[in-house]
Amino acid sequence: MEISFSPERIIETTAPVNTRGSTDRTVRRIAPLEEALAGDLSFLRDGKRIDDLANCSASVLLVPADCPVEPGLNQLFLYCEDPSVALTRLCSVIERDVRPRPEPGIHPSAVIGRGCRVPDSVAVGPHCVIGDRVSLGENTVLEARVCLGPGVVLGDDCRLLPGVVVMDGCRLGDRVTLHPGVVVGADGFGYESGPEGHAKIPQVGGVVVGDDVEIGAGSTVDRARFSDTVIGEGTKIDNLVQIGHNVRVGRHCILCAQVGIAGSTELEDFVVLGGQVGVAGHIRLGRGAQAGAQSGISRNIQAGNTVFGSPALPLLLRQKIFVLQQRLPDLFRRVDKIEADLEKAFENPPRDG
Amino acid sequence: MEISFSPERIIETTAPVNTRGSTDRTVRRIAPLEEALAGDLSFLRDGKRIDDLANCSASVLLVPADCPVEPGLNQLFLYCEDPSVALTRLCSVIERDVRPRPEPGIHPSAVIGRGCRVPDSVAVGPHCVIGDRVSLGENTVLEARVCLGPGVVLGDDCRLLPGVVVMDGCRLGDRVTLHPGVVVGADGFGYESGPEGHAKIPQVGGVVVGDDVEIGAGSTVDRARFSDTVIGEGTKIDNLVQIGHNVRVGRHCILCAQVGIAGSTELEDFVVLGGQVGVAGHIRLGRGAQAGAQSGISRNIQAGNTVFGSPALPLLLRQKIFVLQQRLPDLFRRVDKIEADLEKAFENPPRDG
Amino acid sequence: MEISFSPERIIETTAPVNTRGSTDRTVRRIAPLEEALAGDLSFLRDGKRIDDLANCSASVLLVPADCPVEPGLNQLFLYCEDPSVALTRLCSVIERDVRPRPEPGIHPSAVIGRGCRVPDSVAVGPHCVIGDRVSLGENTVLEARVCLGPGVVLGDDCRLLPGVVVMDGCRLGDRVTLHPGVVVGADGFGYESGPEGHAKIPQVGGVVVGDDVEIGAGSTVDRARFSDTVIGEGTKIDNLVQIGHNVRVGRHCILCAQVGIAGSTELEDFVVLGGQVGVAGHIRLGRGAQAGAQSGISRNIQAGNTVFGSPALPLLLRQKIFVLQQRLPDLFRRVDKIEADLEKAFENPPRDG
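Protein chains in written order, with the working numbering: chain U, 648 to 1000; chain E, 648 to 1000; chain F, 648 to 1000.
Think of the hints as simulated: they come from the structure by calculation, not from any bench.
A couple of the hints might just be wrong.
Same chains, same label: a pair holds when it works inside one copy or across any pair of copies.
Heads up, simulated SDA-like pairs for lysine to any residue below, C-alpha to C-alpha not over 20 Å straight-line [said to hold, decoys possible]:
no.	residue 1	residue 2
1	967	719
2	695	712
3	847	715
4	695	717
5	967	977
6	984	742
7	847	821
8	991	840
9	695	729
10	847	651
11	984	971
12	695	713
13	695	715
14	847	804
15	847	815
16	984	746
17	847	741
Produce the complete structure using the sequences and hints provided.
Next comes the structure, spelled out in structure tokens:
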């Protein structure tokens, strides 16, 4: 991403509490401290890397308000209460510059069904396919190749990236972002199994996605057997995550990449699952429960608890087990020696005596 | 999914052995026992939740034939030999109502190659792309944006959901369902590696998918190096599953979400793999073998055996290890104490003596 | 894949050091030794399966130069220095036959933005969508339904399979292959979390993919927060792999299926990760480091080291732990017995005495 920001515009955007030095360079790039060159903007998150700062040749630097370092020649330091927040503010402006919202309108190659509600403020990209009776909220954007089944309902200000599929009857709130390749509303995985094979159980429920949800590339959220699979307001889901049918994810949860949640499980609000965590079906994770990466959870977790490992155990116990596992070779040797000592002490004397 | 079923139509569809009570409500929704309200249909799978039944205000309830509870006011109870089966039958009818088969015909935006066989009974949705010499069976449905490579062969009554890709030369049987985003026939992952890097081994085999196979959203089945990767008749595959090149999956297997199977491995019939299971290449899982979620399987499993854990071990042994692991902190303390006791008993006396 | 190769053409392609016997059959298929029939070509990789060779009825066989077995009736043996290499050479020719490069040209259903560079040698398939200011290299092929965001740059001889999405501003080198459903450049997963929920951190960096990289079906590579996520030259990535934002993968790495790498981690050159491996964020795996399937890596790995397990440990230690774990039930019994013996030896005498 090449950008072009004058020092003045950066000051205006980041609103530092103080500035020192100056530069005549236009900022073309944001770079981490150890890579930044003239023409770059960089930043110091906290006091830990102050030595790197002195060696950095970035033209503009966001630094903490109490940073003792002075700018070098042709360098502008912006002293900020929170350099991370200042950087985020700057990046938001960059985002608007380099990735502008598409113009409203329907691309001529899009195919729109009958009885749809498509407000004038909506943008529908090339090769989109919209089924009958779909309802789109104001300012919603469908980028290229989005496919919405019959009866889908989207709120305002949603953004569906290329290749997204939302199957029939699923409902999304406002400000929902679905990244490329997301599939919402495919059939849940349910069969009646017998010696002859597996008979499909129809999956006639839907999916309800709350406001401000973001779902990462390639993730899949299955429709319910009946009633709805639910993703709560403000929940953020990373890439290649699988949400089974009838799962209920609470509000403001964080599901990292490649997490899998089996059917009918319930996550209360603010649950955080690390990457590749697996959660069994029909269980409940209490409010604020957390699980470390790759954990395998097959039992309920109480609110606020943190688990780790497969099968998952309380974090501290798992960490202790991890340490002790590495001492198992030594433990076996110790027990061997104890047995040998006891053998010598108890059994030899009687036999000798 | 909003539905509309009169009590009479529900009786007709579910064929209960007996009915009691009556309701004047039209059923609009199916809901679990604890959530059901007036206007809903709910069900009691077995005798365990009979108290919930008495408190449930659903208008129509499917209950076991021997259920002792009586309906309340404006409630209709349908006594069924198997309420689950009755519900499935009802859901099948609902499915036909709310998700009717698309009308036969080829959407004008579809691109069809030369020399294809496309019977009149087939439905080809918007923006599909069909390569040369593709053969489609009777009544097969390609929903929007399906892409079939040259020479692909599909049987009768297949259903390919939006965004499915089947690469050149792959062959599907009858009644195969591929959910959105499935990729069949991408290149297998094979390289000749050396100090200079990795030279690609051409992957010129195909994929053969048997009758009645269902593959979940976002799953990938790689083509063989030569000959075929095979998915046996009646096998059901969940979302985001990866099947490597030259794998042979038997008949009526169940592969839960995010399973990965490495190249050239063979699964015999009726194998069941839990979510996120990984299977190494070039091994064989015997008929009816099962593996718990997140298992890591690197050796053959005999027919009928169940394994668990990573690396996978027989289920009972893994469960025992899991219990004993949690007692490791205690075991280390016990061995410490034994050593201290022995030290005191054996070493002090001689020194003192 | 049905093929058609005369014995003469196979000899010409595989260049054996010697031949014996002859066949009048045209080769229609390549098959493994245990399945090959008349009309098939098969091969013996090394001396281990020489008995199978004698029973094989393949019409043409690639065998090691020193193979002592003689061909049967109507069988042609081709003695090769390396039968695997000979087979690969043959498969390359087959590949060119059965999967010819698409003709250059832009399909009329493709949508091309303003200010793009599309050389005459490029093939753009049906329903592709190319944003403004995209630059394509010579001989690059976009198969059906590929979507390139504004400002994307592709090198020469790239091949993007159906349904690939490359988001705005991402840059690919020469000879890059992206299999169906790959997503390059979706937003990284970054939020500022607080008691009210999670505020999105804009992701305004890009992705840079080096020459000769291959990425498998359904894999996702996120764009950086700022600067670039990097995939080094010659790296091969299998299906359903997730690469987080700001990750830097070195040259000639191998990432097997369903690997996940969290944000800002660095892999040096020639790193090899088995299937379903998870790597935490902000760590570094040294040159040539390797990890067994399903490993969970949360600490740096030194160059050349091999780890295994979750959490990952040096391979030998993990293997030892795996063996000793299975002896835990026995160890607990042994310690029980030691304690009982000691109890009897020490405590009873005093009580008795």
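Structure-based check of all given hints:
For a Cα distance limit of 20 Å, the shortest separation of residue 967 from residue 719 qualifies neither inside one copy, at 49 Å, nor across copies, at 55 Å. In this assembly of identical chains, residue 695 and residue 712 lie within 20 Å of each other by CA distance solely inside one copy; the values are 14 Å within and 63 Å between copies. In this assembly of identical chains, the alpha carbons of residue 847 and residue 715 never lie at most 20 Å apart, being 68 Å within a copy and 30 Å across copies at closest. Taking identical chains as interchangeable, the C-alpha atoms of residue 695 and residue 717 lie at most 20 Å apart only when both belong to the same chain, with a minimum of 16 Å there against 71 Å between chains.
In the homo-oligomer, the alpha carbons of residue 967 and residue 977 lie at most 20 Å apart both inside one protomer (16 Å) and across protomers (11 Å), since each shortest distance falls under that limit. Taking the closest pair of Cα atoms, residue 984 and residue 742 never come within 20 Å of each other, the shortest separation being 67 Å inside a single copy and 63 Å across copies. In this homomeric assembly, residue 847 and residue 821 come within 20 Å of each other (Cα to Cα) only across copies, at 15 Å, whereas the closest approach inside a single copy is 34 Å. For a Cα distance limit of 20 Å, the shortest separation of residue 991 from residue 840 qualifies neither inside one copy, at 60 Å, nor across copies, at 56 Å.
In the homo-oligomer, the alpha carbons of residue 695 and residue 729 lie at most 20 Å apart inside one protomer (14 Å), although the nearest pairing across protomers, at 56 Å, exceeds that limit. Proximity of residue 847 and residue 651 under a CA criterion of 20 Å is satisfied in neither setting, with 56 Å inside one chain copy and 23 Å between copies. With identical chains, the CA atoms of residue 984 and residue 971 are at most 20 Å apart both within one copy (19 Å) and between copies (16 Å). Taking the closest pair of Cα atoms, residue 695 and residue 713 come within 20 Å of each other only inside a single copy of the chain (13 Å); across copies the shortest separation is 65 Å, beyond that limit.
When the C-alpha separation of residue 695 and residue 715 is checked against a cutoff of 20 Å, the pair qualifies only within one copy, where the shortest distance is 12 Å, while the shortest distance between copies is 69 Å. Taking the shortest alpha-carbon separations for residue 847 and residue 804, only the inter-copy value of 15 Å comes in at or below 20 Å, while the best intra-copy value is 37 Å. In this homomeric assembly, residue 847 and residue 815 come within 20 Å of each other (Cα to Cα) only inside a single copy, at 19 Å, whereas the closest approach across copies is 29 Å. For a Cα distance limit of 20 Å, the shortest separation of residue 984 from residue 746 qualifies neither inside one copy, at 69 Å, nor across copies, at 67 Å.
In this assembly of identical chains, the alpha carbons of residue 847 and residue 741 lie at most 20 Å apart only when taken from different copies (14 Å versus 49 Å within one copy).
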